[in-house]
Amino acid sequence: MSNNTNTLMRIFLVLVMGTFVSACSTNPRVDGDVADKAYYDAGKLVAKDGDYMVKDDYDPWEGFNRTMYRFNYHLDRYVLLPVVDGYQFITPDPVETGIHNFFNNIREIPTFFNSVFQLEFTKSYQTAGRFVTNTTVGLLGFLDAATYFGIPKHKEDFGQTLGYWGVGNGPYLVLPLFGPSSARDGIGLGVDTLMMSAVYNELDMKSEEELALMVMNGIDTRANTSFRYYETGSPFEYELVRELWLQKRKLDIEK
Amino acid sequence: MKKALALLLTGLYAVSVWANQQPYDFPTLGSTYSSYAATVVGTLPEVAADLPEENPMSSSRIRIFEDRQVPDPFFFDETLRYSYAWQDEAAPLVFMIAGTGASHNGAKNVEMGKAFYHAGFHVVSISSPTYMNFIVSASENSVPGHAYEDAKDIYRVMEKIREKHKSRVEVTDYYVTGYSLGGFNAAFVTKLDEERQSFNFRKALLINPPVSLYNSISLLDRMSQNIPGGADNFDQFLNSLMDEVSKVYQKSDTVDMDGEFLFKAYKALDPNNEELAALIGVSFRLSSSSLIYTSDVINQYGFVVPSNVTMTRNSSPGDYMVVANQLGFTDYFHGFFYPYYKPQHPELDREGFARTMNLEALESYFKSSDKIEVMHNADDIILAPGEIDFFPRVFGDRAKIYPKGGHCGNMSHRDNVAHMISVFKN
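Those protein sequence lines, which keep their order, are chains A and B. Position 142, counted from 1, in the first sequence is what the numbering used here calls 142; the numbers after and before it change by one each time, with no gaps. Position 73, counted from 1, in the second sequence is what the numbering used here calls 1073; the numbers after and before it change by one each time, with no gaps.
Keep in mind that the hints were calculated from the coordinates and are not lab data. Note that this is a predicted model, so its numbers are computed, not measured. Among these hints, one or two may not hold up.
[Said to hold, decoys possible] Straight line, CA to CA, 30 Å or less: simulated DSSO-like cross-link-like pairs of lysine-lysine:
#1 B:K1425 x B:K1371
#2 A:K250 x B:K1264
#3 B:K1342 x A:K44
Take the sequences, apply the hints, and build the full model.
Encoded structure:
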């Protein structure tokens, strides 16, 4: 993985998380002085300079990340998923789709700004077109008229913008609630959130209303994400998710 | 007039005969049909059974062993996950057992569940005994792959699930089915039921089961030899595969890597048989490495993780994961499975032991009981040459062999779905 981390970013996050990180070691416990040799001995079978993609992802905060990954599982199981189930139970399907469209429409706003920041004018133009179409013809976004008219959909966030301007991922980072991310994209998420908050302020929204909107947005996002923690059936799920997430982000930035 | 009528009737008859003799239509993506392509791509929408999109099944969890303490890294797998859908009134119930490394909510069991549910059955879907969650929460010794031990584990799970829901659901008759290894499991579960008589299954349907487990795992392990540079280049192969898919992704106008995108990617890449075999090999390799590592850590067997090393909740599997990824099911058989069970069967050598895990071991039972039926494909890639003949020879009319479909590729085909339902309806 690339090591060209934005130094400032790194210092900032290390300061914030240093305490957590040092608290959780990722080494297994060895009874006795040295580990025995297993039937298939890793010492012999793993080349020191081998190129093992899943193992070699840049993850200096692994201890913290694994703890947070587990935290998210519990949050999911005992809070988020029950709420999502309740939401889906009481909401008729067409209404659910309408609400999903509504939030997707709002999510065009950060995509628009970030497309502009990346000098992607076709994307900005199309995204603006989608937003205007859906807000008007699509009745405040409850109908996805833009897709019906064939206007392509994009997704850009501030993490991608930073990536576009050459900022590397930095260390892999599992965020509470949001899940897989990186130092760079964690900051990107903060910027996007501030951006949305500014938009809400422009609309003269009361803080309760803003909060309600954010909570609904979260529920809608979770309801439309099929991923479930610890259900891949792999004991290497943490590594697989990390690898896939890093790959996907790399592609999103190049796209 | 009479003549015209006769002509018309003859014509109608001819049409109906022609319709019945229509060759089995099983198209696939890519430039040519092959059993590998069929296995990877599965059933295309144009020939698939018409089933609703929504999955009728709900997921749930159940504790199988009251006093089970699971090792730290598997803290989330203390209970077994499964899924079910009940009819409103009394109905027959179908238990479905997933294939190697697959979960209760994997695509194949979900599709099958839809079909049986909409045909009026209660359905219960169970993960494969080789699936991590099952190994941790529901396997007596957590050394899966043993035909008879797995059958006992599955049987216990079925009884527990029935017990849990008995006040809510009224069952008229019990049926069992499974695909791939799940089909193989279903045979041994039905045999066990003859002794225990807890369910008295009316019928069992084995879908694409292996004949000899050992032959099938050898074939699958050999498929990963198609990885350029051999199976040890597992990581590099995944890397290059990812690159290929990335290129397609960047050119496509979708933002989601969903099923539709993968369809497009497949068409664009148009993989050849060697590449497809490597892909199938990789998918089984992911199953075998998960199984091996899980089983090893639970039993502290010292197979990949040294026995004096304890993995904690935060432990990174690191190099042990790299080693596990290099191991196939045959490595597991020779280095772990056989030595583990050897004390129970000191009289059997490796081959003799492997032979007890054959469908052939149940041949006389299959011949004497008409409750077991088979649905299979002549070009299934997990069978050694000639093994397919076992089914018509032993099951006679109770074996339905389709000419195409590879390994389980045609399970959603409308003819196959209709056949599955008719086996349990009649």
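Checked hints:
| no. | hint | result |
| --- | --- | --- |
| 1 | B:K1425 x B:K1371 | 13 Å, holds |
| 2 | A:K250 x B:K1264 | 20 Å, holds |
| 3 | B:K1342 x A:K44 | 27 Å, holds |
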